[in-house]
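So the sequences go chain by chain: A and B.
Start counting the first sequence at 1; every next residue gets the next number (the UniProt record's numbering).
Start counting the second sequence at 1; every next residue gets the next number (the UniProt record's numbering).
Do not rely on the hints blindly, as some may be mistaken.
These stretches of chain A come out as covered by chain B in the derived footprint (C-beta under 8 Å, 3 or more residues) [said to hold, decoys possible]: (1) 1-7; (2) 10-16.
Using 30 Å as the maximum straight-line C-alpha spacing, the simulated DSSO-like pairs for lysine-lysine come out as follows [stated by the list, open to error]: (3) B/Lys117 / B/Lys220; (4) B/Lys34 / A/Lys3; (5) B/Lys123 / A/Lys3; (6) A/Lys154 / A/Lys144; (7) B/Lys133 / A/Lys13; (8) A/Lys123 / A/Lys169; (9) A/Lys13 / B/Lys81; (10) B/Lys117 / A/Lys3; (11) B/Lys81 / A/Lys3; (12) A/Lys3 / B/Lys179; (13) B/Lys76 / B/Lys220; (14) B/Lys34 / B/Lys205; (15) B/Lys205 / A/Lys3; (16) A/Lys146 / A/Lys98; (17) A/Lys3 / B/Lys220; (18) B/Lys34 / B/Lys80; (19) B/Lys123 / B/Lys133; (20) A/Lys144 / A/Lys79; (21) B/Lys205 / B/Lys220; (22) B/Lys205 / B/Lys179; (23) B/Lys218 / A/Lys3; (24) B/Lys179 / B/Lys34; (25) B/Lys133 / A/Lys37; (26) A/Lys144 / A/Lys169.
Note that these hints are calculated values from the structure, not bench results.
From a predicted model like this one, the values you see are computed outputs, not experimental measurements.
Just so it is clear, CB atoms sit at the ideal spot from N, CA and C, and this is done for glycine as well.
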Amino acid sequence: MSKINLNTLRELKSSKARFFSVTLLLALAVFIFAGLKATTPDMNQTMRSEYDKTNLADAQLNNSLGFTGSEIESIQKNKNIKSVSKSFQTIAVTSNNKHAINIISNPEKLSKFTITKGREPKKDNEIILGEQLRGDYNIGQQIKIKHNDDLKQKQYKIVGFATSSVYMKKSNLGQTNLGDGQIDAFAGV
Amino acid sequence: MSEEFIRLSHVSKIYNAHQDNEVRANDDLNFNIKRGELTVIVGSSGAGKSTLLNTLGGMDSVSEGEVWVNGIDIAKFSEKKRTTYRRRDIGFVFQFYNLIPNLTALENVELANEIAKDPLDAKKAMKSVGLEKRMDNFPPQMSGGEQQRVAVARAIAKNPALLLADEPTGALDYHTGKKILKIFQDYVHDTGKNVVIVTHNSLIKPMADHVIEVVDGKIKSDVINDHKTPVEDLEW
Ligand SMILES: Nc1ncnc2c1ncn2[C@@H]1O[C@H](COP(=O)(O)OP(=O)(O)OP(=O)(O)O)[C@@H](O)[C@H]1O
Ligand SMILES: [Mg+2]
Chain A
1 MSKINLNTLR ELKSSKARFF SVTLLLALAV FIFAGLKATT PDMNQTMRSE YDKTNLADAQ
61 LNNSLGFTGS EIESIQKNKN IKSVSKSFQT IAVTSNNKHA INIISNPEKL SKFTITKGRE
121 PKKDNEIILG EQLRGDYNIG QQIKIKHNDD LKQKQYKIVG FATSSVYMKK SNLGQTNLGD
181 GQIDAFAGV
Chain B
1 MSEEFIRLSH VSKIYNAHQD NEVRANDDLN FNIKRGELTV IVGSSGAGKS TLLNTLGGMD
61 SVSEGEVWVN GIDIAKFSEK KRTTYRRRDI GFVFQFYNLI PNLTALENVE LANEIAKDPL
121 DAKKAMKSVG LEKRMDNFPP QMSGGEQQRV AVARAIAKNP ALLLADEPTG ALDYHTGKKI
181 LKIFQDYVHD TGKNVVIVTH NSLIKPMADH VIEVVDGKIK SDVINDHKTP VEDLEW
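Here chain A stands alone, though its shape is the one from the complex:
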């Protein structure tokens, strides 16, 4: 071994603790910076694949009065639009006043739900809840809803749980003038 390496080695041997801490510190720094660097493409990729899988709509048109058939037709005719999916949604409050839920009629082609447990609703009185409510309800349970002009049913049977690419955030699904003002979850019927 060359003398310069021998000197280095003996220097390290006589200060093992220092060598170890500096090495650890370096490793930590590398770890952090590698993480920071890798996170952006990672997140982008995850989002991309999630959006592709659920076929997230590029745009969503809302109208509190609803759209007429001719309106929908004129949108469908636009040659820049590849696919249109109709859906209906209303905000309902559970009868115990605990949750305000954005109930969406199943959007079949676009912005599809990803079922995490159970199955999608088939009958009129079945409902699939957003993951947000997973801790509060179980599959098979009935969920009672306060009177809502837009809904035929007063109570629904929970058949599953799902996530939606429209609501990527776990909280803050939007505001409402019902309940405590905060929408707690979405649900599909």
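Given chain A's structure and the hints, the job is docking chain B with the ligands onto it.
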């Protein structure tokens, strides 16, 4: 023997130039040293001896002047060129030894040999300074005089064109000191290379071919010694 080896021309080393605490460590030095000479530089403490030796060894740059060694003006050298010059041509015994504490005495000598182009045997060099029994000791385990002798062995083993020694007997007793001086004398005699010894002990002067006396950064006397005394006959 009369060929010129070193020539200093108007060499000055000024520390803290243009400040209140300006020090002219070397002030307009001029002298020549012939090839194969054993030169002794004497002077009192603070006279500028170490400064001069550092200049000759390419350790430091000068503020002004020319330093010709073997036909090249080393004063014009860049930092990098000076490093090469030190590695290839210079053996240096430092006033404060500068041994590497993590290497044994022998390894210290071998270290110098690794960078020299035509080194002598490290063990033989250790033997010549009388330390064959202490080769595996680390510098902190050795006495001052022993460390000084390792430093001498390290410089000699490089087999340099110019051997510079700053107070090489400062920490040694009379007999050991003489032994070391004998090594320098033999080096000059056997190899025809140059040795420059710095000392404040003017009793060493008679063994030299050439004595330069430095006082207050200036040269006070520059004497060629035609009747030098062998080290064996020196007394102090
Ligand atoms: N880096 C520096 N900065 C400022 N002044 C310095 C520096 N190095 C040396 N000096 C000064 O230069 C002068 C000459 O120093 P030098 O070390 O050459 O003396 P010396 O003759 O070797 O003395 P000694 O016999 O005590 O070793 C001294 O006055 C010293 O204080
Ligand atoms: Mg000195």
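Evaluation of the provided hints:
Taking a C-beta to C-beta cut-off of 8 Å, the stretch 1-7 of chain A contributes 5 residues in contact with chain B, enough for the three needed, and the coverage statement holds. Remark: the stretch 10-16 of chain A is confirmed as covered by chain B, as 3 of its residues place a Cβ nearer than 8 Å to a Cβ of that chain, reaching the required three. With a C-alpha separation of about 37 Å, the suggested pair B/Lys117 and B/Lys220 falls outside the 30 Å cut-off, and the hint is violated. Annotation: proposed proximity of B/Lys34 to A/Lys3 is violated, straight-line Cα distance about 35 Å (limit 30 Å).
Between B/Lys123 and A/Lys3 the CA atoms are separated by roughly 16 Å; this keeps the pair inside 30 Å, and the hint holds. Only pairs whose Cα atoms come within 30 Å are accepted, and A/Lys154 paired with A/Lys144 is accepted, the gap being roughly 6 Å. Restraint check for B/Lys133 and A/Lys13: satisfied, since their Cα atoms lie roughly 26 Å apart, inside the 30 Å limit. Restraint check for A/Lys123 and A/Lys169: satisfied, since their Cα atoms lie roughly 29 Å apart, inside the 30 Å limit.
Taking the CA atoms of A/Lys13 and B/Lys81, the gap is near 34 Å; set against the 30 Å cutoff, the hint is violated. For the suggested pair B/Lys117 and A/Lys3, the alpha carbons sit about 16 Å apart, so the restraint of at most 30 Å is met. Between B/Lys81 and A/Lys3 the alpha-carbon distance is near 23 Å, which keeps this suggested pair within the 30 Å criterion. About 28 Å separates the Cα atoms of A/Lys3 and B/Lys179, which keeps this hinted pair within 30 Å; it holds.
Straight-line distance between C-alpha atoms of B/Lys76 and B/Lys220 comes to about 26 Å, which keeps the hinted pair within the 30 Å bound. This hinted pair checks out: B/Lys34 and B/Lys205 have alpha carbons roughly 17 Å apart, not beyond 30 Å. Between B/Lys205 and A/Lys3 the alpha-carbon distance is near 37 Å, which puts this suggested pair outside the 30 Å criterion. With a CA separation close to 11 Å, the supplied pair A/Lys146 and A/Lys98 stays within the 30 Å bound.
For the hint linking A/Lys3 to B/Lys220, the alpha-carbon distance of about 43 Å lies beyond 30 Å, and the restraint is violated. Restraint check: the Cα-Cα separation between B/Lys34 and B/Lys80 comes to about 27 Å, which is no more than 30 Å; the hinted pair holds. Distance hint between B/Lys123 and B/Lys133 is fulfilled; the C-alpha atoms sit about 10 Å from each other, no more than 30 Å. Restraint check for A/Lys144 and A/Lys79: the C-alpha separation of about 43 Å exceeds 30 Å, so the hint is violated.
Taken as a hint, the B/Lys205 and B/Lys220 pair is honoured in the structure, with Cα atoms around 15 Å apart against an allowance of 30 Å. Between the alpha carbons of B/Lys205 and B/Lys179 the distance comes to roughly 16 Å, so the proposed pair stays at or under 30 Å and holds. For the given pair, B/Lys218 sits about 40 Å from A/Lys3 by alpha-carbon distance, which is inconsistent with the 30 Å threshold. A threshold of 30 Å between alpha carbons decides the hint, and for B/Lys179 with B/Lys34 the separation of about 25 Å falls inside it, so the pair holds.
Distance restraint check for B/Lys133 and A/Lys37: the Cα-Cα separation of roughly 58 Å exceeds the 30 Å cut-off, and the hinted pair is therefore not satisfied. Of the pairs offered as hints, the one joining A/Lys144 and A/Lys169 holds, with about 25 Å between alpha carbons and a cut-off of 30 Å not exceeded.
Comparing the model with each numbered hint stated earlier shows that hints 3, 4, 9, 15, 17, 20, 23 and 25 do not hold.
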